[in-house]
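**Q** Read off the chains here:
Number of protein chains: 2
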Amino acid sequence: MKMIDDIAKRTGTWLSGTGPMNDIVISSRIRLARNLAGFPFLTKSDTGQRNEIYRLLYDRVMHTDLGCRILFVDIEEAPELDRQVLVERHLISRQHAEGEGSRGVAVSDKETLALMVNEEDHLRIQVLGSGFRLEQLWERIDKLDDILQQQLDFAFHEQYGFLTACPTNVGTGIRVSVMLHLPALKLAGELEKVSRAAKNMRLAVRGLHGEGTEATGDFYQISNQTTLGKSEKDIIAEFCSIVIPKIVDYERMARQALLKDRPTALDDKIWRAYGTLENARTLSTEETLYLLSHLRMGIHLGRLETIPLQTINDLFIKAQPAHLQKIRGMRLDGEERSVFRADYIRQRLAESN
Amino acid sequence: MKMIDDIAKRTGTWLSGTGPMNDIVISSRIRLARNLAGFPFLTKSDTGQRNEIYRLLYDRVMHTDLGCRILFVDIEEAPELDRQVLVERHLISRQHAEGEGSRGVAVSDKETLALMVNEEDHLRIQVLGSGFRLEQLWERIDKLDDILQQQLDFAFHEQYGFLTACPTNVGTGIRVSVMLHLPALKLAGELEKVSRAAKNMRLAVRGLHGEGTEATGDFYQISNQTTLGKSEKDIIAEFCSIVIPKIVDYERMARQALLKDRPTALDDKIWRAYGTLENARTLSTEETLYLLSHLRMGIHLGRLETIPLQTINDLFIKAQPAHLQKIRGMRLDGEERSVFRADYIRQRLAESN
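Residue numbers (the numbering used here), protein chains in the order written: chain A, 91 to 443; chain B, 91 to 443.
Everything labelled a hint here was simulated from the structure, so no lab data went into it. You can trust all of the hints, since none of them are fake.
One copy or any two copies: either way a pair holds, since identical chains are not told apart in the list.
Within a straight-line C-alpha distance of at most 25 Å, the following computed SDA-like cross-link-like pairs (lysine to any residue) qualify:
| id | residue 1 | residue 2 |
| --- | --- | --- |
| 1 | Lys-276 | Ser-374 |
| 2 | Lys-350 | Tyr-434 |
| 3 | Lys-134 | Gln-239 |
| 4 | Lys-336 | Thr-108 |
| 5 | Lys-233 | Cys-330 |
| 6 | Lys-350 | Leu-422 |
| 7 | Lys-289 | Met-343 |
| 8 | Lys-92 | Arg-184 |
Work the whole structure out from these sequences, hints included.
**A** Okay, here's the thing in structure tokens:
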């Protein structure tokens, strides 16, 4: 699809690596789970009901002014590679890409808003932003939710709040998550501590692609696990004033400690990563993310001044399998991808130097 | 010692990486073990006898025309770092460096001849050359042996031949050894076969620094194990017409197979090695030898054309611990050496590019 080809070639606003605390916070995200009153949850819907929900939501979403230009992708009809591009950009979930039946996603042209239709819930509203900006995102999604509620009748229970397909989302239906880059805590072997503290606060710590994925490239997603019994504002306030500033402080201290106590080991790590990316002839996604991760830290610590941060942020996205195939303009098997990935990165680094 | 400082700064003739089959054969070496008649072996000598042997041999060696300029190093008096430099250049053995009592070595100015006094035997005559040139070395050492026999009375038994401190050397007292660079056989996992075949021919396969050392940087020393019951010429003929050409053929085939079947994997290995050497901030001796080993293969296969082979050959020697300290002009502990090694290599590669 031409539209997805274009998306795959740009960095995307929320991937730009800018915004508050961008040395450590890659991006912020809030999503709300909503279901239509008068329709069964998707697990209980037949094909006819599912199609009806899809048509209704498509219609209302596309004919409501959400304050930005919206592109709608029919996920059921979309080629696998296009779906994979959307997953790699965090605009849809893996389950949504791999699911069955009528389903889709509405994406704003800046990719800071995505509305998944017929994922686990009838509608999932998601806003994304670069850096640490949960309060701003909350304002936006709260407004969007209000606008949509004028067009749609969401299933709501006086006592429980918004009703959702999975009980963990009942109540506010909110999930707040922040993607962090924690290479120094990883090097210092102190991630376990952070992870334990987060779990004690009933927060989930996950990898780059959310639930069930490993932390690749030292990226960690921190998100709330419960949505019942706390207001949206309380959940966000906790993230903004306690959780994230604390982890960011830990990571900054770990980076300063590396700089002070082990500058050679730090530079060695950064420059070896650079040397490998600049010279390798085949690179896996995972190795690439780790190497880029070290460069990213190097740039933020002022140890690597020859490459623009923007190039690194862009490569984080472009080095992923579906993006690479879009750039190359053809399907590539695993081995071909690794070779093209190495070629592409070598070329980009040479250009930026 | 000024003399050793000078030695440490040059590459040395036999280390030049030239000569026949130099894509695979680093160097050839022949040594003869000799003892003086009328003196006990060193294991049975007291200090007085040991000193007497030392003085006698020093005197004769220094006053005999061996056809080249000779430098004599009193190993007992030499600082540890100087002894270590001589070990790293294969001019003396580790035992000789670490031993006790009066002992020394006479080295020709081109480092292609070394006479160890009071190592395991009273005298060990050693000739070295770059590439595969055993026949030429045999001519030279045979002549030297004749010249020395006119000056010295060597212990010789009608039936057994030359008598030596260790029974494995009795007879001809000859050890023929060839240093091979076998990275492709290593990558192809076929070294075990070569090693087994060599053992069946009663040859020893050892690492870079001879007996009891591991094969670092894909370097292997092949040498004869027995010296009794075969003439010197037979031993050398076997090396020249069977053993070495066969292993060289194997390695060349393995390299061609890599080029044909796995060119990307090959280039990946070579270029990653280059990227690491060009960027690392700390490098151990062992890692350095492996990385240089890959560059050496890359140059010989025409995959890496920016660096002169001479630089790589020189770095093989200079990257060693004692050489580095000589270049730096001061003692360095292990960590300091690794940092200086990385700095030095980075600078050399930048200069050669």
